[in-house]
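First to last, the protein sequences are chains A and B. Counted from 1, the first sequence has number 148 at position 148 by my numbering; the numbering is strictly sequential. Counted from 1, the second sequence has number 230 at position 230 by my numbering; the numbering is strictly sequential.
Because the hints were derived from the structure by calculation, they are not lab data. Watch out, some of these pointers could steer you wrong.
[To be verified] Beyond 10 Å from chain B on every Cβ pair, some chain A residues (computed):
1. P3
2. P23
3. D32
4. N75
5. N79
6. C99
7. I135
[Unchecked claim] Okay, the calculated beta carbon distance ranges per label pair:
8. B:N203 with A:E51: 12 to 20 Å
9. B:E166 with A:R29: 30 to 38 Å
10. B:P225 with A:Y88: 20 to 28 Å
11. A:S144 with B:T247: 34 to 42 Å
12. A:D8 with B:D242: 42 to 50 Å
13. B:N203 with A:I69: 18 to 26 Å
14. A:S144 with B:N226: 38 to 46 Å
15. A:N108 with B:P225: 39 to 47 Å
For glycine and all other residues, C-beta sits at the position ideal for the given N, C-alpha and C.
Take a look at the letters that make up each chain.
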Amino acid sequence: MPPQPIPDEHHVSRHVKNKLIYPTLNGERRVDSLAFRLRPDEIYVSVDWVEYFQGDLRQQLDTIRNVLINLRRFNIKKNSALAVVNVYEIKAAGQKGGCELSVLNLGNQYDPSHSGIYGLPQNPDDEFILEEIAIHARVEDAWSNPPT
Amino acid sequence: MIDIEKDNTAYNPLMASYWLQQALNTNVTALEQQAQWRQADSALIDFSIPGQNQVVFISGKQTQTWWNQTIDWTQTKGCQVRVYQTGTYEILPSLKDQIQSAVENVVVLLREIETREQFTNIPKWLFTDDIFKCLNEVELEGAIAIARYAGYEATADRILELKLDEEELEPDEQPLNLLSIKQFLGFILRHPELKEPGITITNEGNVKAIWHQSNSQIFWIEFFPNNDVRYLAFVPNVRRSDGIERTTGGSTLSDIYNRAKELHAIDWMMYASSTHS
Chain A
1 MPPQPIPDEH
11 HVSRHVKNKL
21 IYPTLNGERR
31 VDSLAFRLRP
41 DEIYVSVDWV
51 EYFQGDLRQQ
61 LDTIRNVLIN
71 LRRFNIKKNS
81 ALAVVNVYEI
91 KAAGQKGGCE
101 LSVLNLGNQY
111 DPSHSGIYGL
121 PQNPDDEFIL
131 EEIAIHARVE
141 DAWSNPPT
Chain B
1 MIDIEKDNTA
11 YNPLMASYWL
21 QQALNTNVTA
31 LEQQAQWRQA
41 DSALIDFSIP
51 GQNQVVFISG
61 KQTQTWWNQT
71 IDWTQTKGCQ
81 VRVYQTGTYE
91 ILPSLKDQIQ
101 SAVENVVVLL
111 REIETREQFT
121 NIPKWLFTDD
131 IFKCLNEVEL
141 EGAIAIARYA
151 GYEATADRIL
161 ELKLDEEELE
171 PDEQPLNLLS
181 IKQFLGFILR
191 HPELKEPGIT
201 ITNEGNVKAI
211 WHQSNSQIFW
221 IEFFPNNDVR
231 YLAFVPNVRR
241 SDGIERTTGG
251 STLSDIYNRA
261 KELHAIDWMM
271 YASSTHS
């Protein structure tokens, strides 16, 4: 099945290491825009469709974390986070920077929430598009009950 | 008087700022030295003068004989000096000039005291200058200690945390770049009026310092090892349709502060009153 657009009112999450999480001057946790930067060989930034899963946000994120660990073999450390962003905000960030972003579900029966943000710029001068996405991201702990 | 030699915490460099506070706020005539934290090549020296403590942080390698001669020499200058070492005596190169320079500064300080009824603070330039000398010489642990020593507790904690997180780097991730960290620390030490920023690390291992007040007030600087910087600014601009002016670019370590000023980002990057020291 070809990639499907995720509704604007829904959200996607991205795993973020501790090194890319910082406090604002008011003490709120935020994510560095680098978390949304494409690697040289990538055409999309990998995310997960939050509303695909049932439950409240915490339950949805716990499920996504387990998918990342069990299906995609991520090493999710206790101090890492999941950055949650609204799909509409991602598209709006692209529009402000003059580029069209799309958020598409790439899932299959084994990994149904896997999605991607397409159209992100590679040029460092377009960094403020990534910044616009990052400032709309809500930072949630990757683990609600960290493993001991 | 605190007998630091009976207190194990004196040898913990993470306590350096505590000891500094003790020295500045009381008449303690001793300060800890922090030579032994993974590198036995640094020392804190306390030049004590009546009613004041002059603290100089230095590092290098020298012999015990040299230390004895140096202590004798500084005492002839009318200053009491106590040098604390916990490491081998084969420590400390290129130190003599620094000590001589520091003692000369203390002598100047003494002269200033004679002309004033009360002298309550060590001149900031003297303290800052000595820290810069050290910063060039130390490894990562020393850089962290200097940050803490200068009062940047959150910064020191964060760099230490990021170092500990390095155990599991991915193939495209570089370890922390010491030169980038030093560029960053040099910048904040030169500008104590700035609030402590949030810190992240790029995949290249560079420090990115982020002053984020609100979604329309953001200024970050990525510090490269070679004096170059990259920056991004979001600043309020009522003439734009969405009220935010956005700028990214490259600059240099010596120019970036003025760039932040030109963009009026400094307004929220600074403490309300410049009391941080």
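Evaluated hints:
no., hint, in the structure
1, P3, "holds, 25 Å"
2, P23, "violated, 5 Å"
3, D32, "violated, 4 Å"
4, N75, "violated, 6 Å"
5, N79, "violated, 7 Å"
6, C99, "holds, 14 Å"
7, I135, "violated, 5 Å"
8, B:N203 with A:E51: 12 to 20 Å, "violated, 30 Å"
9, B:E166 with A:R29: 30 to 38 Å, "violated, 21 Å"
10, B:P225 with A:Y88: 20 to 28 Å, "violated, 40 Å"
11, A:S144 with B:T247: 34 to 42 Å, "holds, 39 Å"
12, A:D8 with B:D242: 42 to 50 Å, "violated, 19 Å"
13, B:N203 with A:I69: 18 to 26 Å, "holds, 22 Å"
14, A:S144 with B:N226: 38 to 46 Å, "holds, 43 Å"
15, A:N108 with B:P225: 39 to 47 Å, "holds, 44 Å"
Hint violations for this structure: numbers 2, 3, 4, 5, 7, 8, 9, 10 and 12, all remaining hints satisfied.
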